[in-house]
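Visitor: So the chains spell out like this:
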Amino acid sequence: MRPDDRQYLPSHEWVKLDEHTATSGITDFAVDELCSGNEGGLVYCDLPELGRVVDAGETFGEIESVKAVSDLNSPVSGEVVEVNPEIEDHLEILSDDPWDRGWLIRVKLSSDHVAKPELLDVVAYEELIAEKE
Amino acid sequence: MRHTPLHDTHARLGGRLVEFGGWHMPVQYGPILEEVKCVRERAGLFDLGHMGRVRITGPDRVRFLDAVTTNFVARIPVGAIRYSLFCTPDGYPIDDLLVYMDEECLRLVINASNIEADLSYLYEHATGYDVTIEDRTDATTMIAIQGPEAVAILAEACSTDLSEIGYYRFGRSNLCSIPDTLLSRTGYTGEDGFEIYLRAEDGESVWNALLELGRPRGLEPIGLGARDTLRLEAGMALYGHELSPEHHALEAGLAFAVSFAEEKGDWVGRDALKALGETGTRTLVGVTAAGKRPPRMGYPVLVDGIQVGEIRSGSVSPTLGTNIGTAYVEDAHAAPGTELAMDIRGKNAPLLVHPLPFYSRKRQAKTS
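As they're listed, the protein sequences go chains Z and X.
For the first sequence, position 13 (counting from the first letter as 1) is numbered 12 according to numbering that gives the first Met the number 0, and the numbering increases by one without interruption.
For the second sequence, position 44 (counting from the first letter as 1) is numbered 43 according to numbering that gives the first Met the number 0, and the numbering increases by one without interruption.
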């Protein structure tokens, strides 16, 4: 079972909401799809500049493996206030621990933030994965 | 999706299966870059059951094939193989293929994704020729063994001396107790090795026997992901990338496979391709990208911010220790050492033109 303290996008990003901020990353399934569980399979991760304003569903960065480039989509709307400084030089973190150490960005939620209906809870996300596997 | 006779075997070996050209094929069994190294340093076993296999018989077979492919078929000695292409009347390729000159027939190996298009093309042009065209893809299968240890491993399973089969030639041997198995010294990796043609029902037993025989020498099953990197390092064209309905054989550097000899007679696309060769202003080049990101098909190639070409293939290259790719660029920017840039979705990264191929093994002289 994947963590139940957060929500998921069908494009395999997760978001953990606090009162005013949201922390986002990608799921183990996303990492495995990109690099098949081989941590050396990831080659690059492009994260946004601080201060950038992203809309829910908007692409905020890219992650690239030996095989392919994939968009990173923001589950929420707001301003990027922090990016994980370790990721760029240590992509293996995403294989080792996508849920905590592998977080990608922190966003200060916009004042008009409302939870988007396409965000899935863990049960719905697990069902989505089960269909693919 | 179509399955090769080895489909279930791949799943058992832990292969990651994906759709490729209408077939469910293993893209990798382990890390792709490790698989590339395994083939360069030891040996790899490949399921090529998805490649189209066509047999052409009948008294007009050579004359027919000379009229529908670019290479000079009548000049292929019995027992030899040539690379060739099918073209549309406008000179652009429908597919690339290997032509085997057998005693009683011609054998063609074509790309999985083009099997239907190629067969339609052949049938369409066969009118007036006394030939029979047979799609042998389902009745047969194909396995490749490639790498510095490949020939030694295969020799253990064979009754004949493989050193008698020269590069781009084929012969027959008892293989794993199957008599008269067709073995060709060809491949798509830049390494020495063989491609093996089998009845579909023999595929699994030969695959398993070779894997077991070869394990002590480091033989591993290799997926299509590594195969793509191996062929790119070796500078070999892939249909849909270096060759396409918009990229012809001459600009792809494949003039060796195109014959304008008068004795060959006319062939589909001949005059158009000749004209394209005379008026062309772009060239296929190799590129290296020293940054973290490999080139990818479709990235624009730039000089001073102006587009001068396009990436057609790209990969991380474990053999060269950098990122590599191919690109079509305007002739003025094609010289090795030329500094270019690629536009990765709005961000520029430097490229350097590099001679093709990126990798070439020292070919051991073996005479037949």
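Don't read these hints as lab results, they were simulated from the structure.
Just so you know, even glycine gets a beta-carbon here, dropped at the ideal spot from N, CA and C.
Just so you know, not all the hints are guaranteed correct.
Claimed, not checked - A partial selection of chain Z residues facing chain X, derived with a Cβ cut-off under 10 angstroms:
(1) C34
(2) Y43
(3) E87
Visitor: It remains to establish, for every hint, whether it holds in the given structure.
Guide: How the hints compare with the structure:
1. At a threshold of 10 angstroms, the smallest CB-CB gap from C34(Z) to chain X is about 8 angstroms, leaving the interface hint in force.
2. At its closest, the beta carbon of Y43(Z) sits 5 angstroms from a beta carbon of chain X; the interface hint therefore holds under the 10 angstroms criterion.
3. Taken as an interface hint, E87(Z) checks out: its beta carbon lies about 9 angstroms from the nearest beta carbon of chain X, inside 10 angstroms.
The structure is consistent with each of the numbered hints, conforming to all of them.
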